[in-house]
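Going by the UniProt record's numbering, the residue at position 517 of the sequence shown is 517; the numbering climbs one at a time, nothing skipped.
One thing to keep in mind: the hints can contain errors.
Derived DSS-like pairs: lysine-lysine, alpha-carbon spacing no greater than 27 Å straight-line [said to hold, decoys possible]:
#, residue 1, residue 2
1, K168, K583
2, K568, K529
3, K568, K583
4, K614, K568
5, K540, K339
6, K168, K540
7, K568, K540
8, K339, K105
9, K168, K614
10, K339, K583
11, K105, K153
12, K583, K540
13, K268, K22
14, K105, K216
15, K155, K216
16, K583, K614
17, K529, K614
18, K540, K614
19, K339, K168
20, K155, K105
21, K614, K339
Computed beta-carbon distance windows for the label pairs [what the hints assert, rightly or not]:
#, residue 1, residue 2, range
22, P310, G473, 32 to 42 Å
23, T236, P174, 24 to 34 Å
24, P514, R3, 39 to 49 Å
25, P599, Q197, 39 to 49 Å
26, E25, G482, 46 to 56 Å
27, Q197, E343, 26 to 36 Å
28, A26, R615, 51 to 61 Å
29, G427, A26, 35 to 45 Å
30, K168, D7, 42 to 52 Å
FYI, nobody ran anything at the bench for these hints, they're computed from the structure. Keep in mind the model is a prediction, meaning the values are calculated, not measured. Just so it is clear, CB atoms sit at the ideal spot from N, CA and C, and this is done for glycine as well.
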Amino acid sequence: MSRTYSDAYAQSVSDPEAFWLKAAEALDWDTPPPQGWTGQGWFAGGRLNTCHNAVDRHVAAGRGDDVAVIYESPVTGTRRSTSYAELQDSVARTAGMLAAHGVAKGDRVVIYMPMIPETLFAMLACARIGAVHSVVFGGFAAPELAKRIDDAKPKLLLTASCGIEGQKVVPYKPLVDHALELAAHDVEHVVLLQRPQVEAPMQAGRDLDWSSEYAKAAPVACVSVDAADPLYILYTSGTTGVPKGVVRQNGGHAVALAWSMVNIYGMKPGEVFWAASDVGWVVGHSYIVYGPLIAGCTTVLFEGKPVGTPDAGTFWRTIEAHGVDVFFTAPTAIRAIRKEDPEGRFIRETGTGRLRALFLAGERADPDTVHWAETQLAMPVIDHWWQTELGWPAAATCLGLGDTRRQAGSAGFPVPGFTFAVLDDHGDPVAPGGTGHVVIAAPLPPGCYSTLWNNETGFRRAFETFAGYYETGDAGHIDEGGFVNIMGRTDDLINVAGHRLSTGQIEQIIATHPAVAECAVIGADDAVKGMVPVAFAVLKAGRQDDGNLAHEIITLVREELGPVAALKNVHIVAALPKTRSGKILRAVIRRLANGEDVPVPPTIENPDTIEIIKRELRGE
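Just need the whole structure built from these sequences, with the hints factored in.
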């Protein structure tokens, strides 16, 4: 397979069958796939086990003593390394614990747990026996957990007595008990891991003690599954309020992640990869658990926050202490660090060890944040783009293919396997540089979702609006140089008196103001213009509003975009509503600005931020 980006991309488009069958050779197969794409997905008819490819094969290759997982928990003061041989034993015994209670191939297991090694063991244990795991972010509201239980219908629910969010201990068991009261589906057992911080009560007959069950479990071997068999269900928010269960197949998932670790991130076996996310999100599935281990790397499992556990230097200390080679986090984490440490004092004090690149994803990385990070770190800072549905990057700078081209504000170039287009509302291509609907040609490459659990109709709908394309729901443009620019969700495009504007573009301009740490721009209803932009800005640590800041921001946007932007309302706030994964809840802010009564979203990190926005809008 070619080792240059341009050749690899050309091969992936001209002969995807040969390209991906070649990529599949990086894995161990019980039965090699007879073909690439079929109506059932990628590599149907081939047989393998994802856990074997992530764990057992490395032990068999003589790498049992190599470190597989580094658990770094500044919130508990814990640091622990697990070798591949130890991981194999822990996963095999955890799988034995599940099997002892009747979990078998095709059964579902809900995992509602914090960022601890047992969570990773549980995910791999499900993969080991062909069970389908559905990880729900620990601390999710009980009604949301209940919806996922009723949709997935799990045989077991695995949980822990608590999670730790920053400085706050969050008891999980009351949430689990409430969710099971609300759910129509009855799980056979709840397996509860007691953590030192909280001793949770047990319900007789239903609840089982994790430590006791694990101690008496016998290790079990890997079960061969078809490549098209589901590996996991991961729920993402649905537009109707009903969560969408994204289904990932074993074969395509393993091939795509193996390929991406080498060719996008440039990783080699034995190197250290850290994705500072949570296993409750797709980044955690792909690049904390499965991707690094399939590639034979060391993965970092981090229980903490970019700031406050204990300070804005915790990322850099972790990177230096563990010899992290490539780091992946969300732009909001870098903005939070910059807000607390704008001069980069912690970076200079600690250094960055052998780190060679920082990748960003989760929401758009504004150029100002990218420039700050590149200046402070003195290394490539690469924004790249993908979604829960896609499962791995669709636009990026492929470092492993020798590509270093990047442009602040852009997510890079299409990753081999993905063919992008930008279309107008009628499905016609827009001119280069023109903003429109970002779509990807079907069929999608390996690793992307194969259906929605119990909702094939909803899955098909994503391919119906624009014939022959998957509708990403994002707006953006591809410039003359081929750089893909994702500016935000399509509903973040606003029509101001007939002029179509991107709120992401306005945010990009506001972020250049030296006092602004982060910002959000939404389109509010307006009786005259239809919609008008409204901006919310958070200041950097130590900066104060002297009364002129709103005017300065308005002037900045006017000078860049002209009066057509019609930005007249700028609010300076202490914080913005965000999800636990760091995405700003712009749709919530929009509804608040339009005077709607908004329920607290289940994904919100800090519910108090809703009240902050309300008070600001009321002028209090």
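Exercise for the section: Verify the proposed pairing of K614 with K339, using a straight-line Cα cut of 27 Å. Expected result: Cα-Cα ~23 Å, so holds.
Practice task
Take the C-alpha atoms of K568 and K529, compute the straight-line distance between them, and say whether it is at most 27 Å.
Solution key: 13 Å, holds
Handout entry: Whether the CB-CB distance between E25 and G482 falls inside 46 to 56 Å
Key = 29 Å, violated
Practice task
Measure nothing beyond the straight line between the CA atoms of K105 and K216; if it is 27 Å or shorter, mark the hint as holding.
Solution key: Holds. K105 to K216 sits at ~22 Å (cutoff 27 Å).
Exercise for the section: For the pair we were handed, K614 and K568, check the Cα-Cα distance against 27 Å. Expected result: Holds. K614 to K568 sits at ~18 Å (cutoff 27 Å).
Practice task
May I ask you to test the hint 39 to 49 Å on the CB atoms belonging to P514 and R3?
Solution key: 42 Å, holds
Practice task
Assess, step by step, whether the Cα of K155 is no farther than 27 Å from the Cα of K216, and give holds or violated.
Solution key: 20 Å, holds
Exercise for the section: Go ahead and decide if the range 32 to 42 Å is satisfied by the Cβ distance of P310 to G473. Expected result: 38 Å, holds
Practice task
State, for the Cβ atoms of G427 and A26, whether the hinted interval 35 to 45 Å holds or is violated.
Solution key: 37 Å, holds
Practice task
Using the beta carbons of T236 and P174, state whether their distance is inside 24 to 34 Å or not.
Solution key: Since T236 and P174 have Cβ atoms about 25 Å apart, the given range 24 to 34 Å holds.
Practice task
Decide if the proposed pair is consistent with the structure: K339 and K168, CA atoms, cutoff 27 Å inclusive.
Solution key: The hint holds at about 21 Å.
Practice task
Given the hint that K529 pairs with K614, test it: the Cα-Cα distance must not exceed 27 Å.
Solution key: 23 Å, holds
Violated hints for the displayed structure, listed by number in ascending order: 8, 25 and 26.
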